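Number of protein chains: 2
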Amino acid sequence: MSADTYLQLQSLAKPSGDLEVSLARVPMTDPGPDEVVVRVEASPLNPSDLGLLFGAADMTTVRSTGTADSPAVTAKIPEALLRAMSGRIGQSLPVGNEGAGVVVRTGSSDAAKALMGKTVAMLGGAMYAQFRTLKVAQCLPLPDGTKPSEGASCFVNPLTALSMVETMRREGHTALVHTAAASNLGQMLNRICIADGIGLVNIVRKPDQEKLLRDIGAKYVVNSSAATFMHDLVAALTATGATLAFDAIGGGKLAGQILTAMEIVAVSKLKEYSRYGSTSPKQVYIYGGLDRGPTELTRGFGMTWSLGGWLLTPFLQKIGGEATQKLRARVVAELKTTFASHYNREISLAEALSPDAIGAYAKFGTGEKFLINPNKK
Amino acid sequence: MSADTYLQLQSLAKPSGDLEVSLARVPMTDPGPDEVVVRVEASPLNPSDLGLLFGAADMTTVRSTGTADSPAVTAKIPEALLRAMSGRIGQSLPVGNEGAGVVVRTGSSDAAKALMGKTVAMLGGAMYAQFRTLKVAQCLPLPDGTKPSEGASCFVNPLTALSMVETMRREGHTALVHTAAASNLGQMLNRICIADGIGLVNIVRKPDQEKLLRDIGAKYVVNSSAATFMHDLVAALTATGATLAFDAIGGGKLAGQILTAMEIVAVSKLKEYSRYGSTSPKQVYIYGGLDRGPTELTRGFGMTWSLGGWLLTPFLQKIGGEATQKLRARVVAELKTTFASHYNREISLAEALSPDAIGAYAKFGTGEKFLINPNKK
Chain S
1 MSADTYLQLQ SLAKPSGDLE VSLARVPMTD PGPDEVVVRV EASPLNPSDL GLLFGAADMT
61 TVRSTGTADS PAVTAKIPEA LLRAMSGRIG QSLPVGNEGA GVVVRTGSSD AAKALMGKTV
121 AMLGGAMYAQ FRTLKVAQCL PLPDGTKPSE GASCFVNPLT ALSMVETMRR EGHTALVHTA
181 AASNLGQMLN RICIADGIGL VNIVRKPDQE KLLRDIGAKY VVNSSAATFM HDLVAALTAT
241 GATLAFDAIG GGKLAGQILT AMEIVAVSKL KEYSRYGSTS PKQVYIYGGL DRGPTELTRG
301 FGMTWSLGGW LLTPFLQKIG GEATQKLRAR VVAELKTTFA SHYNREISLA EALSPDAIGA
361 YAKFGTGEKF LINPNKK
Chain G
1001 MSADTYLQLQ SLAKPSGDLE VSLARVPMTD PGPDEVVVRV EASPLNPSDL GLLFGAADMT
1061 TVRSTGTADS PAVTAKIPEA LLRAMSGRIG QSLPVGNEGA GVVVRTGSSD AAKALMGKTV
1121 AMLGGAMYAQ FRTLKVAQCL PLPDGTKPSE GASCFVNPLT ALSMVETMRR EGHTALVHTA
1181 AASNLGQMLN RICIADGIGL VNIVRKPDQE KLLRDIGAKY VVNSSAATFM HDLVAALTAT
1241 GATLAFDAIG GGKLAGQILT AMEIVAVSKL KEYSRYGSTS PKQVYIYGGL DRGPTELTRG
1301 FGMTWSLGGW LLTPFLQKIG GEATQKLRAR VVAELKTTFA SHYNREISLA EALSPDAIGA
1361 YAKFGTGEKF LINPNKK
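Protein sequence lines, in the order shown, are assigned to chains S and G.
By the numbering used here, the letter at position 291 of the first sequence is numbered 291, and the numbering carries on one by one without gaps.
Heads up: take any position in the second sequence, counting from 1, add 1000, and you land on the numbering used here.
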């Protein structure tokens, strides 16, 4: 590669309904005074990245459309979903929320120069690229001896898990429910809740996920595929007192089942029948869309309930810089313990565009966890 | 009737799954020092009363099961819904949230004595009865010359409509959406919003409901049955800036369609594409259940949204006594204008148990509005 250009993965939704993911060669830009250039060596493939990478495309239609030198894949966006993507049609967008790498050039400011040669974690998009020019403030210097692969997931999952607990405290709840609970994020949340003494009800779909969580110390794990699911959930909610849930699934009946189970617990404590149900708060936040289908609520949970969307960035904006800084400091301090991520495979940018790899990492919720190393040969 | 007993309508869910509504003869109780006995002369049949009256019973199974002297009706509760009513099985419950009548006996306190002979509006349940003994604080003395029929609906609809506007102000919204908007409540809400200069988007299902609302001055009326519904709704939301909706329907796709339309308006103002959608608040409160079916959300409205239950009593508890008193004072001051209710028929307690009348008043949302006069011969 030339020193003047580098490879960047881009996703383009075309007016025809084709979604094309390709590697573009983009010009290296000089860092501004307060900026640095980082050689990106590790960037995770999170579900939130897949949303930008493939949008609403039908993943069964993925096919290779590039060459060996210039790999690309294309998939069809169903016509009904094309409108929802209208804001991005015709723009070739870089992808990759977060990553880590080594600072190889810096701007003229002291703060920038101080980072020269350091390994940093980064948040800010466009991480699926050999290089990333960004502001010093978007970099989190990692302790000496930390590998980029160890710092690649410093932001999205750790801050999301910590922010769930923070939301719980700020909104007056005392325990949590989490779905798709065996995920990397879910495992972090278990470690946080165990350390902080918070009741956590883990909802999973498979026996091996139950075992995985119990093996890391989870006390309450319920399987939504079991015939006894509602009974088990009510028992776990009774034991923990959880009235707040974070749901990564989104579609189907699960969010409503959680509200129903919370209401069963609340009504069991009422001294007098009310046809409006309990007035105990019951909150489910949908923060992911592993099931893109409609959310179906069979409203048998009284009149005091709330279901809403939840997203990390607006939450951090709401709590402000100082509170966010505290969360970030905890992530760095516990990077190799609480917030350690496990990846099944490390792949190059070109490998990220092979239909085989896509088939493995794009299986929302049950896929393997991949790490992209854009400088892997 | 004997002076020692009076007729009271009661609803009983039996363990067998039969729901029986009958007239019971109950003993007259002496008023406590701070209580009065009111001869009930007018009490409306609101959707919220129907919830207690017939619960989850299948209204196609209603049949007469009493005698001419002792009328009763029975309907079947579908087995799947019986569990949701388990808290009330075996208890014969009085019905009727609100009403008005004349004070005929009083307790010994000055406050109670001052009400003797007065026409008062009442809130507190058990109004479908010839008499009601209740606390002075539950009575609202009506201005001289007000008939009980004019004061029968002083609380539920007027305070709900005013509280919707109050919720809007307290939660930082500036305009409203309302569904089933041609209802008595919806008409009140139009009169309040016109008087207070608040943008109101009325959603109805039929052309004659559109006309009814336009005739009382509604500016934004959209028909959810029209092929152009989403387009019309987006236009009305754009014009008003409404980001808060109160939905009386509950089931089906409407709540999600409102969130989607709000998001279309919000996204049209974004300068840059975000795959997470807009971060403008979008709130829908479900306050009724005219459609008892599941709520179906096709989540195409970003990550910043909230759907929840809303109920008058907890809202008034939250805003406190002083703020509630202000709302009540406005109701009394505008009882014959803003808060006037229209009824199609006045019926006796016995008539309320005729399958014909039930067929008319229990057609949620499209039924006629009935007033019960428990002392009608």
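FYI, nobody ran anything at the bench for these hints, they're computed from the structure.
Keep in mind it's a predicted model, so treat the numbers as computed, not measured.
Think of the CB as a built atom: it goes at the ideal place given N, C-alpha and C, for glycine as much as any other residue.
Keep in mind that the hints are not guaranteed to be accurate.
Residues on chain G that point at chain S, a partial pick, calculated with CB under 8 angstroms [stated by the list, open to error]: (1) Phe1229; (2) Tyr1276; (3) Thr1304; (4) Trp1310; (5) Leu1327; (6) Ala1329.
(request) Output the numbers, in ascending order, of every earlier hint that fails for this structure. (result) 1, 5, 6
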